Amino acid sequence: MIAIVNYGVGNLYSLKSSFDSLGIKTLVTGDAKEIKKADKIILPGVGAFRDAAASLKNYGLNELIIEEAKKGKAIMGICLGMQMLFEKSYEYGEYEGLGLIKGSVRPIKDVIPSDLKIPHIGWNALKFHGEKSPIFKYIKEGDCVYFVHSYYGADCKDFVIASAEYGAELTAAVSKDNVYGCQFHPEKSGEVGLKILKAFSEI
Amino acid sequence: MITKRIIPCLDVKDGRVVKGVNFKGLSDVSSPVELGKYYSDCGADELVFYDITASFEGRKLFTDILKEVASKIFIPLTVGGGINTVDDFDRVLNCGADKVSVNSGAIRNPSLIEEAAKKYGNQCVVLSVDVKRVDGSFKVFAKGGRENTGLDALEWIKQGVEMGAGEIVVNSIDTDGVKKGFDIEMLREVLNIVNVPVIASGGAGGISDFVTLFKTLPTIDAGLAASIFHFGEVAIPDLKKELKNNDIIVRL
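Chains as they are written, first to last, in the numbering used here: chain A, 1 to 203; chain B, 1 to 252.
In isolation and in its complexed conformation, chain B is listed as follows (with noise of 0.2 angstroms):
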């Protein structure tokens, strides 16, 4: 059987990772290729580049970056930040990215997961959805989760899927950053409604929180983190041993 993924996730700014603390044997922490490979190198499943840069040049400068990370690391790199165009799609498909992940520039122009489905497949697409409790329902939020957009967040993941998002990644705010665990009722509402992966972002603290998600919900896809695994709170072949010994199918 496929096996549960485990994946961090980097931002970068102005060709740097955001937020990272020193591990042993790593020259720079704030190197998107030294933490990728290292990352990789313990059992990662998959990683996450973020571009989290707002010039021109940082852009320029990340896809620079993204092409060194995709010739040292081979597994599978999603990448997102700034995609707003198909484009943007060339621009990161061809330094190497294999998935693109888009948010914001969805919502504004929501043919374009459409469109890059059908240039790249669906299985390139990958819609990430920031979601927050509004009055009792479930609000898609915009701007790195700053502005509500209003959308029902359930009806644009579905509406996402239907255009040809090929996997989900749902972001939510509000237990992104407490590290009391994942935010079950929304995942499981989401589980509910659509037949891809989905990856389950926001509130992982611990490795029980993983083991948690995928023994609650056994049709999750993946668990996805970022200041866990930069603090070194949580090792990554810590938490694989430990889901395999809660007899969750992993890569080892």
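For reference, chain A alone in the conformation it holds in the complex (with noise of 0.2 angstroms):
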């Protein structure tokens, strides 16, 4: 069983469904002993960093990721999610993130020409780094998935697993172990991001 948290941001209604329609059974949960009891956990997270940040404390569930992290169990963050998984971000300010992958959450305006809009919104082609990762075992270099984001994972190129060219390479995963992260939305790329889901869930 996968545990989807929930920690008070962000719908995850399309993610829940995403699982379900390949079969997966996922919990929605944001109690701490179904979260350990899982074999998965999934992060999900929409919104500003800070606020986000600081739900998933007011939750009591940011040691209980990190630890299970560390003993080893399989752990995706999506969007935000893939956010929070860093040291730090600079969205509004400095805030703390799980540290359980190097780098930091910047914004995209820093590293791309003025004329290209922001966000980086819509759907852009993956160009895969380094050796493929399991979670892509589904699918190929160069399948579109569907972004939405102003900050982006920086300082973190020994972990990036997938870039997104637009103006900058922008990452667009990242993967340390056995924590994963994606910045776009699986849960809204079709079916390549099905694929990745599915390819999650057997890891």
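Bear in mind the hints are in silico, worked out from the structure with no lab data behind them.
Please read these numbers as outputs of a predicted model, since none were measured by experiment.
Glycine included, each C-beta is placed from N, C-alpha and C at the ideal position.
Possibly wrong hints are sitting among the right ones.
To be verified - Here are some of the chain A residues that sit facing chain B, going by a computed Cβ distance under 7 angstroms: (1) Asn11; (2) Gly30; (3) Lys117; (4) Val148; (5) Glu165; (6) Lys188; (7) Gly190.
Please dock the two separately framed chains into a single complex, following the hints provided.
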């Protein structure tokens, strides 16, 4: 069973539905006991980093997720959930993340030409980095996924497993051991996204 | 690079898609779920569901259907029609919509854009504008294009973006239904004044109109249409292939 962490930010309906459509059992929960029991963890998130980080803390789930990750449980952060895996974020200030992956979250506008629109929103192609990640087992380089973000994972070069070209090479996915993160929304990326979720469930 | 998006728009009344024809392999063309899934499988990049129901019961039915749509279709969904308050945003976002399109509701109460953008982020708020030329200038029309609000369209769009709209749908009343192509002149003016994604709507009659749109206006983000898709005049896979042949970046 995969726990989809519900810590009061964002709508988890599509995420849960996409696993349902694959026949994969999930539980949307903010309960520490249930998350501990789960085989895998999905950390979703939308909105501002500061609020989401504060909310995760308020639910008392910060330490738990770090512990579970250290025990070797597979964890996947999605969108803001991926950004929370890093050490810190510079979105409207400076805030601490979970520190599971070395790196920080910085504004896209600092690295792309000024005539490109922000947020980086829409379908963009994945470019793989390094050895093909197990979460990409069922997809190929060049497949498109759906992005919506104004900040990106920076200073994390060693852990980037995919990027997307948008005036710069933006971090699309990261991984370190059993911890994975997708900046894009697999639950909104059609067949390609479902294949990523399926591959994660099989890790 | 970001791909150019092709977006079919489905008008839903009392839970059924208005004006559709039968596609091969589709048992119920007026089912929003079936038609939406069909388009998604054909390569539509996003779907717009527009609620044209007036009654309370119809609205409830719409949200039920939206939930079903979002449990079966995993591409971005935009919902519009009858969005007047932040509660309306809540209502449709909780059913799995990703973006919410405002039109008349924002004209009546412009602060709706601001409130919704603060609560859900700019990327969630789509400002849809029906525009028509009146005495040589672009005016905003309300009530499905029946009423001239007197507002200058370019001013209104600029204001909308300043208040937090993250995307603009420009529907040209002048070209809508004429099927002779998108309103390039109007769209160009809009692209000149905003730096958020702009979606062209109104006027597509065939594949070549989309090619012209993206070739003439390289910064336009998406083309939206309804009847040419519903009537099977344009098949999305053919359209995307032709765009690619013309060196326009699309998701295949």
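We went through each hint and held it up to the structure:
1. Asn11: It holds, given that the least Cβ distance between Asn11/A and chain B is near 6 angstroms, below 7 angstroms.
2. Gly30: violated, 17 angstroms
3. Lys117: Holds: closest Cβ of chain B sits about 6 angstroms from Lys117/A, inside 7 angstroms.
4. Val148: holds, 5 angstroms
5. Glu165: Result: holds, 6 angstroms to nearest chain B Cβ.
6. Lys188: Hint holds; Lys188/A Cβ to chain B Cβ min 5 angstroms, cut 7 angstroms.
7. Gly190: With a minimum Cβ separation of about 5 angstroms from chain B (threshold 7 angstroms), the hint on Gly190/A holds.
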